[in-house]
Amino acid sequence: MPHGMEIIDMKKRAEPDFQSSEVWSKVTGKAVYGSDLKLPGMLYGKIVRSPHPHARIKKIDLEAAQKITGVRAFLVAAELPDKPYGIVVDDELPLALDRVRYIGDEVAAVAAVDYETAAKAVRAIRVDYEPLPAVFDPREALNPDAPQLHEQFRGNLAWERNLKRGNSDQAFREAEVVVENRFSIPAVHSTYLEPTVCVAVDDPYEGLIIHTAVQSPDLVREIIAKVLERPLSKVRIICPVMGGGFGGRVYGNLKLYILSSLLAIKTGRPVKMKLTREEEFLVGRPLISAEMHLKMAFKRDGTILAREADIVTDNGAYSAQAPWVSKTLSERNDSVYHIPNIKTRVRLAYTNKIPTGQYRAYGNQAANFATESLLDMAAENLGLDPLELRLKNCVKTGDTTVHGLQIKSCSLSECLQAAAEEIGWHKRKEGRGYGISAAIHSNGSLVLFKNFRGASALARLELDGRVSIFSGEQDYGQGTHATFTLIAAKALGLNPDLITVYSRDTLSTPHSIGALGMRQTTIGGKAVQLAAERLRELIVQTAADLSEVPVMMERGILKSSSGRIIELSLVAYHHHSLTSGLSLVGEGRYVPAPSAYDETGYGNIAVTYSFAAHGVEVEVDKTTGAITVHKIVAAHDSGKIINHISALGQVYGGATQGLGMSSYEGYIFEEGRVVNTSLAEYRIPTSLDVPVIVPLFIETEDPEGPFGAKGLGEIVQIPVLGAVANAVADAAGVRVTDLPITAEKVFRLLSGWECEA
Amino acid sequence: MSYVKAANLQEALNLLKTSTPRPRVIAGGTDLFLQDWPGCLIDISFLDDLKIIEEKDEVLEIGSGVTHAMAAGSDLVKYKATALAEACTMVGSPQIRNMGTLGGNVINAAPAADAAVALVALGAEGVLIDCGNSIRRMPVDKLYAGYNHSVVDCGSEILLKFVFEPCKPDEGSAFVRFAARRALALPMVNAAARIRIKDGLISAVHLVVAPVKPAPTRLLKTEAKLCGKPVGEETWFEAEQLAAGEAEVRGSLLRCSADYRKHLVGVLAGRVLRTAALRALERKV
Amino acid sequence: MEKARINFILNGEAVEVYADPSRSLLYLLREDFGLTGTKEGCGQGECGACTVLLDDLAVNSCLIPAGKIAGCSVVTIEALSREGEPDFVQKAFVKKGAVQCGFCTPGMVMSAHALLKENTDPSSEEVKMAISGNLCRCTGYKQIEEAIMLAAEQLKDRPT
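Chains as they are written, first to last, in the working numbering: chain A, 1 to 757; chain B, 1 to 285; chain C, 1 to 160.
Hints are computed from structural coordinates only; laboratory data are not their basis. It is possible that part of the hints are untrue.
What the hints assert, rightly or not - With a straight-line Cα cutoff of 27 angstroms, these simulated DSS-like cross-link-like pairs (lysine-lysine) come out:
id	chain 1	residue 1	chain 2	residue 2
1	A	K38	A	K234
2	C	K3	A	K120
3	B	K51	C	K117
4	C	K95	A	K30
5	B	K17	B	K51
6	C	K117	A	K30
7	C	K3	A	K67
8	C	K95	A	K640
9	A	K38	C	K3
10	C	K3	B	K78
To be verified - Residues of chain C clear of chain A, computed beta-carbon distances all greater than 12 angstroms:
id	residue
11	R5
12	L116
13	E118
14	D121
15	K156
16	D157
Claimed, not checked - Sample of chain C residues at the chain B side, in silico, Cβ under 7 angstroms:
id	residue
17	M1
18	G67
19	S123
Every residue gets a Cβ at the ideal spot worked out from N, C-alpha and C, and that includes glycine.
Between the sequences and the hints, there should be enough to build the whole structure, so can you do that?
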């Protein structure tokens, strides 16, 4: 292990575990989630959804529904603004106006005195459709004679990118070994345990207040304000406790928030709407599915020369975030290894299927599965140990990758070696298969919103001597509040119990991009650090004014040069009286320098990057193809770990999600309809399905992150996919290249049967 | 009254006869709750009469109100009807097993309902009583009218119990299932067997693999060919081929394709027979 | 269904409610009694977030019709910290970092209690089996298992 790096022994770590005191309200059942909210006069809304994947709307007949007692309002597209909105592309309306484009597309909405009545009204609304030809396969959709979904997107091409670095064609000509394969990844859902829910209130004075748990409340309210044509400052989001997010709640279900707001405006009463679990799968937005043709060129000694990719991603009926996700999917993984020549073509195709959103690693995990699988195929071809092949090519501290990413801290080699060592790479058990995989993920983005690259936070000294931190970053259970508390505590030298983090009300917190892009700790946390440090300065200054002699603050205690201890609350009151009511507030602004990102997308895209390598041990029963995953070793470089107990939870949970995606999960469609719309049929791992998971943290000291920390929350899931794929191929002797890797798929390959259509 | 918890069996039968609107019986409710709700329900899940597990005159009687958890935890079932105990431990989840009854499992009539598969392999009969108090007995596999459709009329009769001969010292039974996940998963294929070994040869065997037909059904041709064969790997291998050959299976989008399912039928048949035979041999000593 | 009076024991207290017997116990608890600690994750018995104890057994309250609970004892998460002090299982959950988003937590805690009522010295396999009907998407279950093992250990150390 190089100087400055060590694998931290979680059992011997010095700092005691710290968690937000909110865990007590959660464990006693007192925490208030969206579904627990009840406001006086509240109505309940439900949505009429299209049963057709593609159809013209001829008529909407509300007559029978209007006669039902207890119904208070209806919404149809004809009465709403007809300006399309979206996240990347403006291609959606709050309700379908003349055409529906997927099964589940929102056609009308109802508000009633309770859910049963609203559901009755939904059933009584008659919609006359004229079905249109539909297209479900993205490659078919790109054909010129396929049914067109959107007028402004000829050929159903929602987004496209052709990316070149170096000279890939030449590299392939000169290569000594070339491997190539096709990989496919189905749509997968975040499957947070709390179904989406919101309560919208239209207050005549305060404006619109939406109670809903989202990871990026400011991004969500910007869109809502635009759609509803309300001033942004009069659209407020208050987040109840969130029952999981994992990326699926960054923008959440915008339709639901918009429709409940519109119903609240129309009725003048609070309106609650939720998605049933079935609706979560039918219309909740999954991660895009992708088909990737990959080709890699090597020298005989294993040096990677080039990578060529032809990728088609499935947009579904509306774009939402899919162009961004497709971009990440098509390029992020390229920076794990030195790949001097790249040629990538990505096409995002509209289809008459469910629109998509995001999930944890934003497509990076799909690319990991494909690339890491191909690397092992190359290793076999080259006669090299897959571990050695990776060590030979992986990036290191100080490197600039093929897309211009600047690696300031990196222990990827050490992670690979540690994972391999721990999984038993060189001490293999009889009848077991072993796989390894490496990953990178960026911490925040300098280029997603070019003019909003960082974060800010406020640290306020309260009259009682406690400190409040205001941040727009969100905690959905991944421990952001606790991490920020520890950062602020360290910066101020205070006991963490004296610090409270507030993040759930857009009225009182600084604007934030929110919990996406693995930026909470690195970016949001840095702002907290700066805010706390600034507050500390202000405290010392004010105390000095108060005592008229120099003052020092150490370990949370203010002492004047004459030895007198000054209570923090005294300092607070002093400022309070000097200003007639203001508090000492430290502003923390973390504004990373802009990136020299050019129009080809070359440039440093984030302030720093996290790395990971996972090793997996499996057993395959060749009589049925059944796979048993025995062990996952997760070696992570997330800089200095601030919150250990939470870091462990992230690894166990994230690796389990990765296992879900590699082995169990995936949307199944039939004529455009999602078939597995329940938790029984969309299967996430249960307690009996989870193997032994061994987390290893290889600490580096990152120059950017707060106290050397880097993000962990998204990268935990990524390498599992490649590692499981490789382990199964090692055990079975055949390789499944379509996720999820199931017993049947393994068996079909082993028996030489044709794969299912 | 639209929902009545019957105090005893006779009251339940009387209520079935006299209640309006048309009543039906509810036991655990874990399947019924998600289906169409009738206007009137008679809850029989608390009747002690229906919760018996006992051996009487060389017959094992298991009440229809016995939950999966009760059957899985009963020493009598574990020892003398092992296939049933095993099947019951694998259904759904602990929460479902605490409420779902064996009677409900059979009446819900899913083609691969785990407990039902085990009961058929064990040779169980269902004992029914109607609101005229007349009793009839039917083999469990004859209680199915079609896919997810029971012969039992829950508006006029009550399934009282299952009866069958407990496994003797020269017999063994076993149950296996193959599913996509280790809990909360419906099976792709499950199988149960009851076997008697005499002098190292199979002297009697019941083999059920599901889902093959609407009702869990014994593979009679396979059973016939296996009788007289010696216990051993060659026989189990032959059983795999026979079972896969005899079973007509369908593929499903959510579970697995037909040819893979057929293959699993064979594999599970071999496994369940091997385990049941081992148990028969162990008990003899 | 026609509403009826239903008497049962809720968290140790005799209560009466006038409700449609086909209403799920989950909604009865959350809406009629305002006990929102029990959560709805799916409404179909497939996730365990709604787990409560019915006569000491862990059940999915979303699948229990209100008519069924007449005369029975129902225990929800709220009963465990009645005096304002979390109980030993809840403390173990917090100690081991088993609570992330917290949505599965009440169901997990109730399943843990159901296990410990009938088995005071469970193996880790038995713990896994006891929570196999409770889905969690955040934690990967490991810290939850450790919490339940810790709670079991503490049961052993208690004076009887």
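Each hint tested on the structure:
With a C-alpha separation of about 22 angstroms, the suggested pair K38 (chain A) and K234 (chain A) falls inside the 27 angstroms cut-off, and the hint holds. Between K3 (chain C) and K120 (chain A) the alpha-carbon distance is near 19 angstroms, which keeps this suggested pair within the 27 angstroms criterion. This hinted pair checks out: K51 (chain B) and K117 (chain C) have alpha carbons roughly 21 angstroms apart, not beyond 27 angstroms. Between K95 (chain C) and K30 (chain A) the CA atoms are separated by roughly 18 angstroms; this keeps the pair inside 27 angstroms, and the hint holds.
For the given pair, K17 (chain B) sits about 23 angstroms from K51 (chain B) by alpha-carbon distance, which is consistent with the 27 angstroms threshold. Distance restraint check for K117 (chain C) and K30 (chain A): the Cα-Cα separation of roughly 24 angstroms lies within the 27 angstroms cut-off, and the hinted pair is therefore satisfied. For the hint linking K3 (chain C) to K67 (chain A), the alpha-carbon distance of about 24 angstroms falls within 27 angstroms, and the restraint holds. Using a Cα cut-off of 27 angstroms, the hinted pair K95 (chain C) and K640 (chain A) holds, with the two alpha carbons roughly 23 angstroms apart.
With a C-alpha separation of about 23 angstroms, the suggested pairing of K38 (chain A) with K3 (chain C) holds against the 27 angstroms cut-off. Taking the CA atoms of K3 (chain C) and K78 (chain B), the gap is about 42 angstroms. The hint is violated against a cut of 27 angstroms. Listed as outside the interface, R5 (chain C) is consistent with that label: its C-beta sits roughly 21 angstroms from the nearest C-beta of chain A, beyond the 12 angstroms cut-off. The Cβ of L116 (chain C) sits about 16 angstroms from the closest Cβ of chain A, beyond the 12 angstroms cut-off, so the non-interface label holds.
The beta carbon of E118 (chain C) sits about 18 angstroms from the closest Cβ of chain A, which is more than 12 angstroms, so the claim that it is off the interface holds. Residue-level check passed: D121 (chain C) sits 19 angstroms from the nearest beta carbon of chain A, beyond 12 angstroms. Every Cβ of chain A is farther than 12 angstroms from the Cβ of K156 (chain C); the closest lies at roughly 22 angstroms, confirming the non-interface assignment. The non-interface label for D157 (chain C) is consistent with chain A: the shortest C-beta to C-beta separation is roughly 21 angstroms, beyond 12 angstroms.
A least Cβ separation of about 4 angstroms between M1 (chain C) and chain B falls short of the 7 angstroms threshold, and the interface hint therefore holds. At about 3 angstroms, the closest approach between the beta carbon of G67 (chain C) and any beta carbon in chain B falls short of 7 angstroms, and the interface hint on this residue holds. Look at S123 (chain C): its Cβ only gets to about 15 angstroms from chain B, farther than 7 angstroms, so that hint breaks.
When each numbered hint is compared with the structure, violations occur for hints 10, 19.
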